[in-house]
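Protein chains in written order, with numbering that gives the first Met the number 0: chain S, 0 to 153; chain U, 0 to 402; chain Z, 0 to 557.
Source of the hints: derived by calculation from the structure; they are not laboratory data.
Wrong hints could be hidden among the right ones.
[Unchecked claim] Only pairs whose alpha carbons sit at most 25 Å apart, straight line, appear in this in silico SDA-like list of lysine to any residue:
id : chain 1 : residue 1 : chain 2 : residue 2
1  : Z       : K389      : S       : R21
2  : U       : K307      : Z       : E160
3  : U       : K53       : Z       : E161
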Amino acid sequence: MSETLSTAALGSVLQDFLALSRILTGVENLEEELGRQYLDRLTSTPYEPFLRQILERFQKMRDDETLADRVKQQILGEDTLRPTVCQVILLWYTSAMQDNLDTPGVLRYGTQEEYFSGVGWAVIGAHAPGLSGGYFGHWRYRPDNEPLEAVDGA
Amino acid sequence: MKPSRTVDTRTDLLKLLCEAAELEHGIACSYLYAAFSLKRDMAEGGMTWEEQQKVRRWAAQIYFVASQEMLHLALVWNLTTAIGGTPYYFRPNFPQNSKYYPIKVPIELEPFGPRSLRRFILYEHPQNIAQESALKSLLRSAVEDGEEIEFGSVGELYGLIESGFRSIDEKELFIGSPTQQMTKDLVHFPGLLPVLDRTSAIQAIHEITEQGEGTAKDREDSHYGAFVAILKELLDSRERGSGFSPARPAMQNPSARLERGYGADANPIGEPLAQQVAGLFDSVYSLMLRMLAWSFEFDSVGVEEQLKKFCSVTIDLMPRVLLPLGEGLMLMPAGEKYPGKTAGPGFGLTRHVMLPPSAENARQLCRERIKELAALAADLVQRSVPEPVKGACRHLGEIARNF
Amino acid sequence: MERDYDVVVVGAGIAGAMAAYRLAEAGARVLLLEAGNRNPSRAQMVGSYATASPKTLHSPYVQVESDTKAPSPDSSSTYYDQPPAPHTQYKSTYERRTGGSTWHWLGHTPRMLRSDFKMRSQYGGSPDFPPDLVDWPITYDDLEPWYCEAEKEMGVAGAHEEWDGLFDSPRSKPFPMSMIWPSYSDTWIAERINGRSFEGLEYRVRSTPSARNSELYDGRPPCAGNSICVPLCPIGAKYDASVHVRKATTAGASLWEQCVVTKLDKDADGSVHTVNFLTYGGARKTVTAEVVVVAAHAIETPKLLLMSGLANKNDQVGRNLMDHLSKSTFGIAPEPLFPFRGPPSTSGIESFRDGDFRRVRAGFRVSLNNDGWSRKGAPYTEIIDFVTNKKRIGADLREALFARVTKQLRLSCSVEVAPDQNNRVELSGQTDGLGLPRPKVTFTPPDYSFKGLAQATRTLGDIFNLIGAKEVDLGVDNAYDGAGHIMGTCRMGGSPENSVVDAECRTHEHRNVFILGSSVFPTVGSPNPTLTIAALALRAAKDIATQLGVTTQRKVSA
Chain S
0 MSETLSTAAL GSVLQDFLAL SRILTGVENL EEELGRQYLD RLTSTPYEPF LRQILERFQK
60 MRDDETLADR VKQQILGEDT LRPTVCQVIL LWYTSAMQDN LDTPGVLRYG TQEEYFSGVG
120 WAVIGAHAPG LSGGYFGHWR YRPDNEPLEA VDGA
Chain U
0 MKPSRTVDTR TDLLKLLCEA AELEHGIACS YLYAAFSLKR DMAEGGMTWE EQQKVRRWAA
60 QIYFVASQEM LHLALVWNLT TAIGGTPYYF RPNFPQNSKY YPIKVPIELE PFGPRSLRRF
120 ILYEHPQNIA QESALKSLLR SAVEDGEEIE FGSVGELYGL IESGFRSIDE KELFIGSPTQ
180 QMTKDLVHFP GLLPVLDRTS AIQAIHEITE QGEGTAKDRE DSHYGAFVAI LKELLDSRER
240 GSGFSPARPA MQNPSARLER GYGADANPIG EPLAQQVAGL FDSVYSLMLR MLAWSFEFDS
300 VGVEEQLKKF CSVTIDLMPR VLLPLGEGLM LMPAGEKYPG KTAGPGFGLT RHVMLPPSAE
360 NARQLCRERI KELAALAADL VQRSVPEPVK GACRHLGEIA RNF
Chain Z
0 MERDYDVVVV GAGIAGAMAA YRLAEAGARV LLLEAGNRNP SRAQMVGSYA TASPKTLHSP
60 YVQVESDTKA PSPDSSSTYY DQPPAPHTQY KSTYERRTGG STWHWLGHTP RMLRSDFKMR
120 SQYGGSPDFP PDLVDWPITY DDLEPWYCEA EKEMGVAGAH EEWDGLFDSP RSKPFPMSMI
180 WPSYSDTWIA ERINGRSFEG LEYRVRSTPS ARNSELYDGR PPCAGNSICV PLCPIGAKYD
240 ASVHVRKATT AGASLWEQCV VTKLDKDADG SVHTVNFLTY GGARKTVTAE VVVVAAHAIE
300 TPKLLLMSGL ANKNDQVGRN LMDHLSKSTF GIAPEPLFPF RGPPSTSGIE SFRDGDFRRV
360 RAGFRVSLNN DGWSRKGAPY TEIIDFVTNK KRIGADLREA LFARVTKQLR LSCSVEVAPD
420 QNNRVELSGQ TDGLGLPRPK VTFTPPDYSF KGLAQATRTL GDIFNLIGAK EVDLGVDNAY
480 DGAGHIMGTC RMGGSPENSV VDAECRTHEH RNVFILGSSV FPTVGSPNPT LTIAALALRA
540 AKDIATQLGV TTQRKVSA
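Bound conformation, chain S alone (with noise of 0.2 Å):
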């Protein structure tokens, strides 16, 4: 296998990456053609070995019954690979980058139809800014996609 992630062994590497993302995430339903596009994004930045390493590690954990809990020791856990992990959380959500770890403000956006997809504002039940969030009045009212672990009053 090549240094890095060529293209022909992006087949498997891409499901990794998702399936990666999606514990990383929370969220269960992630595009694959997204899931391309932002392992391209990674792979172009000084962010490519780090992944590479995350790649490597999960993919020797993938069968194990607590997943879930090796990810977030021997993954998350590691400070190194952190600033990596949380930029895979970061496109997933808002599309966005980081291009530099110093000045966190600042951010690189990639195609509009990544940022109109971002995952992270479902989470706080809203709507990415730009898009609709439906009919008029709506903010009247709690949304619809108030997650259900939120416990009333609290």
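We have chain S; now place chains U and Z onto it with these hints.
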């Protein structure tokens, strides 16, 4: 346009108002069904990001028009109680026989598309439209079946109603109690006018027709204008690109269960979980209707605050429970009999318990019923239903707890 | 003598476009000259916004050529020539595009209050009262019918009962549309503060009147909660002046874009009929008019007058530059309020705008906002913090994000800036992409306003306290943002000694030159200025038409 006959008795006028109530109600359901069917996310397929912007805007506009139809129903109810009648909330189940109303265009539950938009335009079209031939050609380009387009609109019905209010003696006619009238202070319908006399009755009727068909000077802000614009945009988008598919493949005229009251031509949902969700929809919808109609009949003198609270629960059920249930149903499979199709709400009005006149007892019955439905919802939430359905069930639970 | 046009309007923003529309409808030959470009389609602008970082006011509108040849502080952070920090800064910006700054305005349309028009008569006399704080030469009653006209032209949604008679400022007509519904957050806050008071003034949350459709209006859809009113409404539910630019051209007005007016020439008798402008290619052109309307917003307008040596016998042009001091404060509510939905602000508190305290300090408006801590970088910063520092992923992360971000609240204030003749716009020695002088801006908010800002901050702190908020951040004392409300600089007045235009917006010195827009405001109160701009423009259009001998009665349609 002069009305086709005279309306000079209360009975006649009340019957026409019942017909108007049925129509506004049925049309609102038809609009809601189309709005529910519009996709929200690109992940659903068939939309670029630019198309998604358009589709979301169309959905918002159709919801808006539906909300005005509900306002029209509310105004019709005020007109009804003002002359001594009772708010009428019944309507035939879907699909409705096209000969049932003079409007000649059947009211159906059908997903968004050129066919449904064509129907919507015909429901709302103005009585004397200068560009009739232009309209006909737009409508023809909307469908390929070469079906002959016959007019006969809701506007004519209101023309008759207005003539009734004008010709029958005012003092004899307005026998309803003014404190029965609902206003926007009591129930959240911005634009709701109380009907107390001939002048306010005619004002209410004009509000309905102006919102629906517009005026000669201003068509584009009417429902008619909005649908024409959307249809044009849709046909334009289709011409430009292939693969644009704005609507979920929802079935037509679904029914939650094949029971008395559902039309024989309705399509029963085959998939059990979807059927259950559709059943919950019907139950909440039916309860909400009863509560609303009851509020409009109730004489609120001295108990306005309680009525306000009761109404706010009722109104809340629409955006927080019915809307997400309806949208969610269109993400669920319809059943083996309907390959490639998703389910949908049937808006089934079947046998139900009517609410008693006593406020205390009505509240008690509603409270109990909402709690029963919330318990059903709490069970559904555990199953593999789409997110909007879960949200609806959660909201129903919260409403039940706070009632 | 036959002029090229009856009216040349410099600037196709809201003031210019509305006047051009009314005058063209009346049969006048009108030319609208706009320095900037027109914008691409709304869809394209949404696309630019979506991929922009940071998502600035200018992000949907970036056009390199226009940004170079007709720059603005929106397109260039160094456009103003002003002394650097620690000197107080003038922070509000504007666009130079067809349609102007209404492209990115929030859309709020409260009116000025009765007192705002007669500050000196009503509140003057104490040593704390700013010497340059004067009366308008017109009253609220004079403008009231034009407020109604403006609301109809723009399409304003509001709650009549909440606003009629507020601070002795009645409404003679209902709003054209019923109100924009308050957000869940607004209602939650109102339940907890309505009826309570702070230092003698009672809290009452009111829905904010807005030029934002609550129904189908003027061929535009109702608001669908796209939530990015600032900087762009993707669907046109929020009014922007492209509406009246289109109406003006449909009524027969000509529109020339990419035409930067450089000088207005004065004839021997003091009248001004020649308008000189540059195209982006550098070609020098001229056009003549019976009447000239300068509506280039409150920085470019005085700049043009100064470049032309007009209307400035008494050295008033460019003076009394004002803004509203804006401050955002942040807190975390005890329950989810669900920001990032609906328009960025749907309600406010008007109680602090007027009262006897204006003898010694400024009044202010309070806005309840629906944009959470977006100005602090949420939700991005929160995502990064939770993952990187708190090591949360998956369902854990979702829960944590929900629990925190949905409770984040921003409250803000908009404080009246009193006029100070030393706050001014002059011509800089530095030039722009066409070789024209950039504006030299000097601005220090008066103490009167800083006192108002301090009071506003304490009030916002009290509100956070009443709702049980945590992590309250009231910012730094005396720190302020620009509200985007550029006002003053060519003020209206009865006397040429201390004003530039008369009560009809006509310059004292040149009877055929009118100035429209917020330049003419002698005082600013605390409301967003756009509705007042529109009302004055419609009123002035009638006076201009009279002066020209045409009528502003609408042409009877077939």
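Do the hints match the structure? See the list:
1. Z:K389 with S:R21: 19 Å, holds
2. U:K307 with Z:E160: Cα-Cα ~18 Å, so holds.
3. U:K53 with Z:E161: 35 Å, violated
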